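Each chain sits in its own coordinate frame; assemble them with the hints.
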Amino acid sequence: MITRISDNARYNTIAGNISNLQGSTQGVLDQLSTQKKINQPSDDPEGTTMVLNLHAAGAAIDQYKENIISGETWIKTTEINLNGINDLVTLAQGVAQNAEGGSAADRVAAADSIQTISDQILSFANAELDGRYMFSGAKTDTKPFAMNNTPPPACIYSGDSQSLNINIGQNSSIGYNLTGDAVFPASAGGGVALFETLDALKAALQANDSPAIATALADLKTGGMVVQDNIAKTSAMLSNLEFADSHLTYLKNTVGSMISNREDADINKLAAEYQMQILALNASYSAAAKMNAQSILDFIR
Amino acid sequence: MSISGLLNIARDAMASNQIAMDITSANIANVNTPGYTRQRANFTASGNVDVSWGQADSGVRVDSIERLYNRYLEGQIVDQAPKTGFDAARQEILGRVEAVFNESGSGGLTDSLSRFWNSWEALSANPTNQAARYSVVSAASNLASLFRETGNVLSGVRQDIQNSMVSTVNDINTLTSEIAGLNAQILASGSEDGSANNLLDSRMELLKSLADKINISYYENTDGTISVTLSGGKLLVGGNISEQLSVTNGIIVMNNNPSEVINDLITGGRLGAMIEMRETTVKGYLDSLDQLADGIVAAVNVQHQAGSDAYGAPGAVFFEPPTGAENMWVNAAILADPQKVAASSVTGNDGENARLIGALKDDLAMAGGVSTFNGFYASLVGRVGADVNAASGSVDRNTAVFNQLMAQREKASGVSMDEEMIKLMKYQFGYSAAGRLLKVASDMLDVLMELVK
Numbered sequence: 155m156i157t158r159i160s161d162n163a164r165y166n167t168i169a170g171n172i173s174n175l176q177g178s179t180q181g182v183l184d185q186l187s188t189q190k191k192i193n194q195p196s197d198d199p200e201g202t203t204m205v206l207n208l209h210a211a212g213a214a215i216d217q218y219k220e221n222i223i224s225g226e227t228w229i230k231t232t233e234i235n236l237n238g239i240n241d242l243v244t245l246a247q248g249v250a251q252n253a254e255g256g257s258a259a260d261r262v263a264a265a266d267s268i269q270t271i272s273d274q275i276l277s278f279a280n281a282e283l284d285g286r287y288m289f290s291g292a293k294t295d296t297k298p299f300a301m302n303n304t305p306p307p308a309c310i311y312s313g314d315s316q317s318l319n320i321n322i323g324q325n326s327s328i329g330y331n332l333t334g335d336a337v338f339p340a341s342a343g344g345g346v347a348l349f350e351t352l353d354a355l356k357a358a359l360q361a362n363d364s365p366a367i368a369t370a371l372a373d374l375k376t377g378g379m380v381v382q383d384n385i386a387k388t389s390a391m392l393s394n395l396e397f398a399d400s401h402l403t404y405l406k407n408t409v410g411s412m413i414s415n416r417e418d419a420d421i422n423k424l425a426a427e428y429q430m431q432i433l434a435l436n437a438s439y440s441a442a443a444k445m446n447a448q449s450i451l452d453f454i455r
Numbered sequence: 534m535s536i537s538g539l540l541n542i543a544r545d546a547m548a549s550n551q552i553a554m555d556i557t558s559a560n561i562a563n564v565n566t567p568g569y570t571r572q573r574a575n576f577t578a579s580g581n582v583d584v585s586w587g588q589a590d591s592g593v594r595v596d597s598i599e600r601l602y603n604r605y606l607e608g609q610i611v612d613q614a615p616k617t618g619f620d621a622a623r624q625e626i627l628g629r630v631e632a633v634f635n636e637s638g639s640g641g642l643t644d645s646l647s648r649f650w651n652s653w654e655a656l657s658a659n660p661t662n663q664a665a666r667y668s669v670v671s672a673a674s675n676l677a678s679l680f681r682e683t684g685n686v687l688s689g690v691r692q693d694i695q696n697s698m699v700s701t702v703n704d705i706n707t708l709t710s711e712i713a714g715l716n717a718q719i720l721a722s723g724s725e726d727g728s729a730n731n732l733l734d735s736r737m738e739l740l741k742s743l744a745d746k747i748n749i750s751y752y753e754n755t756d757g758t759i760s761v762t763l764s765g766g767k768l769l770v771g772g773n774i775s776e777q778l779s780v781t782n783g784i785i786v787m788n789n790n791p792s793e794v795i796n797d798l799i800t801g802g803r804l805g806a807m808i809e810m811r812e813t814t815v816k817g818y819l820d821s822l823d824q825l826a827d828g829i830v831a832a833v834n835v836q837h838q839a840g841s842d843a844y845g846a847p848g849a850v851f852f853e854p855p856t857g858a859e860n861m862w863v864n865a866a867i868l869a870d871p872q873k874v875a876a877s878s879v880t881g882n883d884g885e886n887a888r889l890i891g892a893l894k895d896d897l898a899m900a901g902g903v904s905t906f907n908g909f910y911a912s913l914v915g916r917v918g919a920d921v922n923a924a925s926g927s928v929d930r931n932t933a934v935f936n937q938l939m940a941q942r943e944k945a946s947g948v949s950m951d952e953e954m955i956k957l958m959k960y961q962f963g964y965s966a967a968g969r970l971l972k973v974a975s976d977m978l979d980v981l982m983e984l985v986k
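Sequences listed follow chains D and V, in order.
So the number in our numbering is just where the residue sits in the first sequence, counting from 1, plus 154.
So the number in our numbering is just where the residue sits in the second sequence, counting from 1, plus 533.
Only chain V is shown next, with the shape it has when bound in the complex (with noise of 0.2 angstroms):
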């Protein structure tokens, strides 16, 4: 074994501490880099010299540099992405809805129904009373507006909803052709000896983005590349490819396939929480505002078209046909004239057909005959309640298995610094080892040196 060699081994070793504390202040750098894999060199011993016994092991290199993670919970990670993803948006766009149907204060449709329904019954007792009359068509205009008011800010939400919709698939088209872009990348500089680190951990922070939009399956390839598919199959990111989304009108199809609408088959993430909100939630409790608008309308119409108006006319319909919670307006000649409410029943004053109207409020005309106006309107208070309900339970639950699993990740994956700061003397200490055998095989060369000179 020469001096040299010692020289060689004492450099090495220099070396790879040095790459090692590298790679040590590269984690306490990115100590708070969302989706940054913490980093170790693996250090191996290099070479071998012959002794008089046999061989030995002649300094060290570093091997690898190795990202520190647990694939499979990276993969839970992604599963578990749609589900808080999904229960986000729902929660947003609920609570906006609720804030419609709150009715803890007054002034919201059960009080301005309550006010319509007494306001007839005021006319029965007082049916020459124009204070009264007037009383009628305002409490009836009162809640046409109410309800014109409550459909346009559901339909509004919808459109919301529908515009949220494109941006949504914009940032998932810009993700898909991102991660298309790494897969690009890795695939150029081999993934194994960690030279790809960094663009492993971006693309792994991608596809947690695009999980957290729409529901993915994703697979590794032996070259490094991975694969995005939707449910069903459908191919959204394979090698450096990656299929785009359009939307029109709440429309989701894949630009490959044009003709195949795929909202069926976003279930999950924001997008699919978009979906089902705009076509089933939401368009449910505006069905339902539009039932009760139509029930109110032609139940008034017909039992108001049944009386006599203060001329001794026949009613005209009290409300404009029925069309909807958003086109409910009161028929603008009563508006005009109060006299033409048709408050009896004969072409006296009796104000039997106002009492009738004024009855209406008991009848169990909706939902099949089993609830009243007021009743039904509650049902659907109630529904939205229990519906934005659901849904914080839902965000609580799947809020805590995320942050259990990024816990997880964390243990695994997270830099910790105390850990950082004792690796940092490692090698240091390490490296001015080294750096005293290089003085020792230095002097022993100036040894060498002063015999022969």
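Excised from the complex, chain D in its bound form (with noise of 0.2 angstroms):
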């Protein structure tokens, strides 16, 4: 049987090439402009799902960051003050130490340098970080240490045992907080240990009794050393953020290299493909411009 070649079969199929190839190019086209390989959900359905879940992750992991280093100016405070707080401790034990073997005078001036350190002391235990009281607990807007001067005078802790939290992980949080009754631990009598013990040395050195300067600064030592021990925590929580945080960074890295394996177009690949793609254009339009070239009507007269 005789094929039969209509004429419009001819300019359909040169038409629909055409067009196909023009299609095919504008979409290496916008792969080369965007450099992804994906510009629209169509392009890859399963991997845009990938993609955003991916991003999602990213900008969480970017916040959890901004967490940690928050967390961190909050812990690093905390030690300034605790530091400042130590030192004042081990101030107090050596005016205290001198005044045991000086005279009663001398031991009444000590008692008032006593007084000094601790109403320097309750103002580090008071500090404040963006308004927030750092050694209140949960309850950052109450002032966590006060006087109660009603005899005998007593430090009341105002404050709770809540941590305060961080998230810094997909459900993973951190507490980055000392409360104050961590840090200066209650007495028997349900008073600030620390300061009922200075409050007892000022009484001794200003009574002049001899005993009861010794078991003050034992007291005085103990208490120290609950505070040098909390400086030792706020290191150990520092060393935990630094841990989570390169944790994160680590991640970030691999869901950007995720991302990127999924997204990015190879541009070496494409750039070979546009020249493959105008070439075919070429041939194309070259045949279509040819179409007509050949016909009986330029052998009848």
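Hints were generated in silico from the structure; no laboratory data involved.
These numbers were taken from a predicted model, which means no experiment stands behind them.
Please note that the accuracy of each hint is not assured.
With a cut-off of at most 25 angstroms between alpha-carbon atoms, the simulated SDA-like pairs for lysine to any residue come out as follows [said to hold, decoys possible]:
| id | chain 1 | residue 1 | chain 2 | residue 2 |
| --- | --- | --- | --- | --- |
| 1 | V | Lys944 | D | Asp314 |
| 2 | D | Lys297 | D | Ala258 |
| 3 | V | Lys873 | D | Asp373 |
| 4 | D | Lys191 | V | Lys873 |
| 5 | V | Lys956 | D | Ile159 |
| 6 | D | Lys387 | D | Glu226 |
In structure tokens, the structure reads:
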């Protein structure tokens, strides 16, 4: 059977081929200009879902790292305050020891110094960061320590034992504060032991009572050790956060490279593909231009 | 046999070849007419004369003018047209929807959601920081407005489809009444002798246009008319009568039975795609978006109400109660005063409540407890992408089939210029020869006339 080729069939074939080639050339151009394989969801539906989830994960990691910076600031400030307190406790011990070997007048003068030191420690214990009391647990807007001057003078803790938390990962949070009742344990009477000790020391110095001075000094040493323990805790907390941060950095890089693998176009391959498309397109144009070059009309006169 | 007989034969031959040249020229003229079917003049020997050994054919006439077409192929094209029409309409609609969900740049819903959750965590670490409170409120109102916008666009797409359905139904009504009109003309002119050829071509073109818009079946009746039915046997065209459709708010009925909704019968053509997109696909996207918005609103509200604000008062609802993506609003009181953001669990500034709201992003709160909010949205975008992808694949396949059928049709019915030129020469030669015959007969008559002078 003779195959008839109608004129329309020839035009349709050429036109169809050219528009197909133009379509695929445009696809390559889109990828070249954005340098991405996925320019709309239909380019890779499953990949789109994955990339979106990875972007969300990446954004969450960025925030976790921000959270860690905030936590670190808090802990470092805590450490500075605790070091200040520790220095003052050491100073109080030195003042008391010197006075132990001195005259009664020396002891009275030392008692005044102890009062000043106690006031300074109180001010460190009531330290604030960004308007929040650092040692009152969750009650950050309540001043944690206040002197109750009805005799015998006692210091009352008004905070709680709650920790302040930040998220540092999916379903993972970490506390970043030290509560006042942990740093300054309570005495048997319910007041704050360290301030009661300082008060007792002051009273013993004023009364020139050597055995009482010795007892108070021993108690002061114990209180100082609790503060030092807490300084050690801040270091441990900081290194925990640093570890979490470096883990997050690693995760972020992994997420980044997963996104890139799925989403980024291979430019070299695209450039080669583009050349091939242009070649095919030129061939089609040339064929289209020559379509009517051969016709029986040329031979009829 | 007489000399005048020769003259008659020559006359008939010249006339027949001239008719054939007319037909050829009609073919040439209509080379670019869509749906034109090439025609051919069929010659047949006419009459006979007595000769000494019996009888011989005498003369020629054009017996019929034939449309060269393949009935089976035309039927296949009409069958295929609803598929290509369906695909084309679906691809157009999904293309618009896909643009809504294009998350390849920044500033999409995924970004906005992440910024929303992150703003809570930033607040949890700095609960007294005014800027952190403002950024929670602004991230939330940005998120809500993106949800509203996305919901509005999807609703708009559904509304546009509804409007397009009206004009498509009008087109269908026009086409069926034109087909019924052509049926009447074809019946009047008689279909056998070729005088109705152009009407037949026009009717086939209308039928193909109709099939592009709606899934139909048709059959030819013995009197030359065609009947067109919708699946389910509902008659759209019978003889010179066409049954009209009407559409109200996306509900399609036939005017002869306005109580019966026929949406379910329309599964093909552009109208079929519109119905499916409006009632199922785009509605499904909108429903998912609503679920996501409602899920976020509900979860954030519950946690927010468990906390206390900067004044020490219990948290209010953070978003207005859930009623879908298009109605997602941040509580106006909180918008006006970010101090009312309940960042803390107690009347302090521990930021614990903000931390818990931030951690909601990891809750498997969606899709029956298997998906996070972000994950649910990412799946929705993936679903849109997969639908667009499937639609494009289907367009490619069905277009290829359609083009193949059209190519087959062109083989059978299309005009080839080379072929027509050759025919033109053939008929011209036949005409010239018949003219020479006339001259010879005339000369013979002259000889006879000389004899009797």
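These are the hints, each one checked on the structure:
no. : hint                  : verdict
1   : Lys944(V) - Asp314(D) : violated, 91 angstroms
2   : Lys297(D) - Ala258(D) : violated, 37 angstroms
3   : Lys873(V) - Asp373(D) : violated, 46 angstroms
4   : Lys191(D) - Lys873(V) : violated, 45 angstroms
5   : Lys956(V) - Ile159(D) : holds, 16 angstroms
6   : Lys387(D) - Glu226(D) : holds, 13 angstroms
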